[in-house]
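Engineer: What follows is the residue order along each chain.
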Amino acid sequence: MMKRRLLSLCLALIAITFLNACKKDKLQELSLVDLTIKLENPPGLTDIKLSDLKVTFKELNSGKESTTTNVSDGQVKISLADGSYDINLEGNITYQLDGKTITGKTRAYQSGVILKGKQQTQTMKLFLYQGGSGFVIQEIFYTGTVTPEGKQYLGDKYFKIYNNSDQILYADGLVIAQSKFFTTIKQDYKPNIMADAVAVDAVIKIPGSGKEHPVAPGQSIVISEDGINHKEFNSASIDLSKSDFEMYYEDSDDVDNPQVPNMENVYSKLVPNNRGYAAYVLARFPKGSADFLSNYKYNYSYNETFDGTIYPIDESEYKIPNSWIIDAVNLSVQSEFQWIVTDPSLDMGWTFCGKVAGDKSRYGKSVKRKVLSTTAEGRQILKDTNNSTVDFEAEARPSLMQ
Amino acid sequence: MIRLYIISLCFIIGTGTACANDTTRISRIDTTGLRERIRINNAPVSLFTDVFYNSPALKYFARNNSLTQLSLGFNQYKQDLYQVQKGSGQKVFGFEADAYQKNKKDVVWGNASYQNGKRYQVNWNESSDLQLIYPYVMADTVGGDLSYEEYAFSGGYALKLNQTTLGITGKYRALIEYRNIDPRPKNVTSDLEISIGVSHPVNRAYEIALGLSARKYTQDNQLKFFSELGGPVVYHMVGMGVANQLLTGNKLNAFYDGSGSGIQVQLIPMNKNGFFSSFAYNRFSFEKVIRDLQALPVSDLTATTIKGEFAYLKNNGQNHYGIKASILKEQRIGVESRFDNRGPDNYVKISSDKRYRNDRSDLNLAFIYGQQKNKDLSWTVNANLGLLSNETQYIEPTRSMEFSAIHTTIDAQFSLPAGQSLIQAGAGFTLLRNTKGTKSWPDLVSASAAQQMLLTNFAYLTSNYNQLNLFLRWDRPMIKGMGVFLKSNWEHTTFDSFHKGNQCILSAGITF
Chain X
0 MMKRRLLSLC
10 LALIAITFLN
20 ACKKDKLQEL
30 SLVDLTIKLE
40 NPPGLTDIKL
50 SDLKVTFKEL
60 NSGKESTTTN
70 VSDGQVKISL
80 ADGSYDINLE
90 GNITYQLDGK
100 TITGKTRAYQ
110 SGVILKGKQQ
120 TQTMKLFLYQ
130 GGSGFVIQEI
140 FYTGTVTPEG
150 KQYLGDKYFK
160 IYNNSDQILY
170 ADGLVIAQSK
180 FFTTIKQDYK
190 PNIMADAVAV
200 DAVIKIPGSG
210 KEHPVAPGQS
220 IVISEDGINH
230 KEFNSASIDL
240 SKSDFEMYYE
250 DSDDVDNPQV
260 PNMENVYSKL
270 VPNNRGYAAY
280 VLARFPKGSA
290 DFLSNYKYNY
300 SYNETFDGTI
310 YPIDESEYKI
320 PNSWIIDAVN
330 LSVQSEFQWI
340 VTDPSLDMGW
350 TFCGKVAGDK
360 SRYGKSVKRK
370 VLSTTAEGRQ
380 ILKDTNNSTV
390 DFEAEARPSL
400 MQ
Chain A
0 MIRLYIISLC
10 FIIGTGTACA
20 NDTTRISRID
30 TTGLRERIRI
40 NNAPVSLFTD
50 VFYNSPALKY
60 FARNNSLTQL
70 SLGFNQYKQD
80 LYQVQKGSGQ
90 KVFGFEADAY
100 QKNKKDVVWG
110 NASYQNGKRY
120 QVNWNESSDL
130 QLIYPYVMAD
140 TVGGDLSYEE
150 YAFSGGYALK
160 LNQTTLGITG
170 KYRALIEYRN
180 IDPRPKNVTS
190 DLEISIGVSH
200 PVNRAYEIAL
210 GLSARKYTQD
220 NQLKFFSELG
230 GPVVYHMVGM
240 GVANQLLTGN
250 KLNAFYDGSG
260 SGIQVQLIPM
270 NKNGFFSSFA
280 YNRFSFEKVI
290 RDLQALPVSD
300 LTATTIKGEF
310 AYLKNNGQNH
320 YGIKASILKE
330 QRIGVESRFD
340 NRGPDNYVKI
350 SSDKRYRNDR
360 SDLNLAFIYG
370 QQKNKDLSWT
380 VNANLGLLSN
390 ETQYIEPTRS
400 MEFSAIHTTI
410 DAQFSLPAGQ
420 SLIQAGAGFT
430 LLRNTKGTKS
440 WPDLVSASAA
450 QQMLLTNFAY
460 LTSNYNQLNL
470 FLRWDRPMIK
480 GMGVFLKSNW
490 EHTTFDSFHK
500 GNQCILSAGI
510 TF
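Chains X and A, in that order, give the protein sequences.
Residue numbers 0 to 401, in numbering that gives the first Met the number 0, belong to the letters of the first sequence in order.
Residue numbers 0 to 511, in numbering that gives the first Met the number 0, belong to the letters of the second sequence in order.
Any given hint could be a false lead.
[Unchecked claim] Taking lysine-lysine pairs in the DSSO-like style, the calculated list, with each CA pair at most 27 Å apart, reads:
| # | chain 1 | residue 1 | chain 2 | residue 2 |
| --- | --- | --- | --- | --- |
| 1 | A | Lys185 | X | Lys354 |
| 2 | X | Lys117 | A | Lys348 |
| 3 | X | Lys48 | X | Lys25 |
[Unchecked claim] Chain X regions said to be covered by chain A (calculated; three or more residues, Cβ under 8 Å):
| # | stretch |
| --- | --- |
| 4 | 61 to 71 |
| 5 | 137 to 151 |
| 6 | 390 to 400 |
Simulated from the structure, these hints should not be mistaken for lab results.
We treat Cβ as the ideally placed atom computed from N, Cα and C, and that holds for glycine.
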């Protein structure tokens, strides 16, 4: 009798275990946020008609991208999971201006939009976009090289500027500037001028009186750190002795090749960050360098937080109005990226060499603009949609590297 | 300071008893010879029911004889098909002291061990104790061999008061794992578990026991790169090859803070003849924080394990036969947070969701039959038939993997007195056949490193294999009730994909 009871107890225990073992709780789908985006038309235009709008949402934690073309009555509707999103809109626009009907392209961009809860409404400002057909930044080799001994080698970085038009253009007076703000450090800078200008901390300019440096359609010029044959010092480097221009800073321990003309140093020293944390802009100063230095100072402030303590910081740099800027490229790395440091109308993406700060695989790589098409005459037209993410080949082999 | 105190206590309980027992045991050696105690301790029929004596109170009934064993050992295994996070094998040297002292009214036991080893080709994992914290490991695609040192101490005491038996056990394990070339993890883990138990007779033949346990676990997981050129991308994995992209890069310091509890109920026959049953429920959860982001909690996981076992054993002193059924189910649920990146080191939580789930079950049916003789050949045949299944699901992105297998083992063991010596030997053969293997990760780029990692793991987890296991142990009593022993194990695995694995264990020591 007792044995039967014991057996029953044993079997009961086993049954409990077995029943629990058979129970499987499937994961529930994530709760969704019903998002409505109200589109604000570009100011000053009338009779606006939007078409072929495509909106892309990238969730920054998962990297998941969702797209929708569900746009009607100036509103985009979509359901998305909780998260932090970069939102990117592209499409066509038709409008009336000065009595004429114009058809073009429109865009909108917003980063770090937080979606949480059940319903949310967001506004996005549309802006007009025109593809570049003049000078463009074709390539930036900013990572440098490594010697066969595994040491960093300095001085062999370069910029390549390309004539993307079908006419001869003159490089005289072209300006290359490095952004003051890093794409990897986001602060609440006041005043925020990004919608109107780019804050810069180093500016160099191609010398010339206006027509001294012609660049034929489909041709490019090279502006190097040091215009010498670096392969004589580092077999893994590049021969830059045929550069069109080089940077030279007399008060630094710098190399000056007399065979290569020097760039004009407008402001500070341009030393490309070899991790790619900055943005670079190509611009022209309509009234020259003196006017820029006199009238385009940018005084700003922000709060630096360190170990929970807030330190107010006041600084002063220069700013280049967006209307002067011909082209812009934001650089960053995935692990550190915080924000784009130009207005989205100049560049609404970013490109990279290396995926992490201090990524040792970045050396010997550049960012290179993609080829959109080739004309019947063999001239390459480079892709310039003002979105470096799609316009550039990241981690490319430098074009000047043999 | 508290930790030091606990370590000292465990050490005293664990190893102190092993040494102290020497003086109190001489009287027992006369009643049961060393050779016989070794034979009984290692007999398959003893091991067949050991699992029912986990509760501290039931340790009193686990063995009738005392035995202490000190050993030095070497263990090496390598296989060319493996789970990349675990590595392709390891080589380890170790020392172990194990003691069980049975007295009339109480029992005391202890264990202390030290291991110094190296795990080979560990990849996609720079954390330690993978089986505890998976899938929330820190990872990179470089990896390499990992050196480690592990210290473990445990000890317990059970006291019989009239009819009731009370027991307590303490276990402490500390692990330091590191690599001296980039990437350089330095992981320090600490794992403490305390169990208490009480048992009482339900009649003249059976004892019922209740056990409760509590556990505290921590791991400090640091990674460094000394190369002036930098290092690779560091990921914080969240399961099925997914990593949080906002945390990807150079967040090199993580901390795991875990705790657990358990309850077990057991029913055993006091003379080891009859029905055995055991039911155990354990829960372990931990939180992972990223120290680089002001100790930001990023994920937590709760593992729930239920285990039920039932056996019937008939042992008349010479012949024995038995049957045992067991079922184990483990479920791991991972909760992860999404963040708003508001600037350097300033991540604010947006939401948390259950995103990872793993269900594992293992069903086994075992048979044993044999004869035991003290002064003649003893032999035992074991047969085991098992079903295992494993299902993993991840959402956002949606990925899943499922596999199951059927496995069977037959092994035969014998022990034979030879002069003053005792020879124990055995051979076993295991067949595992995969019965299901499905995978789905449609969002993953086919050439990506994560895809390659998942495919390698899937090939390993769904592979059929045959395994041959041989062991031999030689014991010789020497003087004053003390003996020496040599032991070797060899295991050879052949996977159906022409991959192979080999394991070799050698140990030598003294018993008393």
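Engineer: Could you run down the list of hints and mark each one as holding or not?
Structural biologist: Here is how each hint holds up against the structure:
| no. | hint | verdict |
| --- | --- | --- |
| 1 | A:Lys185 x X:Lys354 | 23 Å, holds |
| 2 | X:Lys117 x A:Lys348 | 17 Å, holds |
| 3 | X:Lys48 x X:Lys25 | 46 Å, violated |
| 4 | 61 to 71 | holds (count 3) |
| 5 | 137 to 151 | holds (count 4) |
| 6 | 390 to 400 | violated (count 0) |
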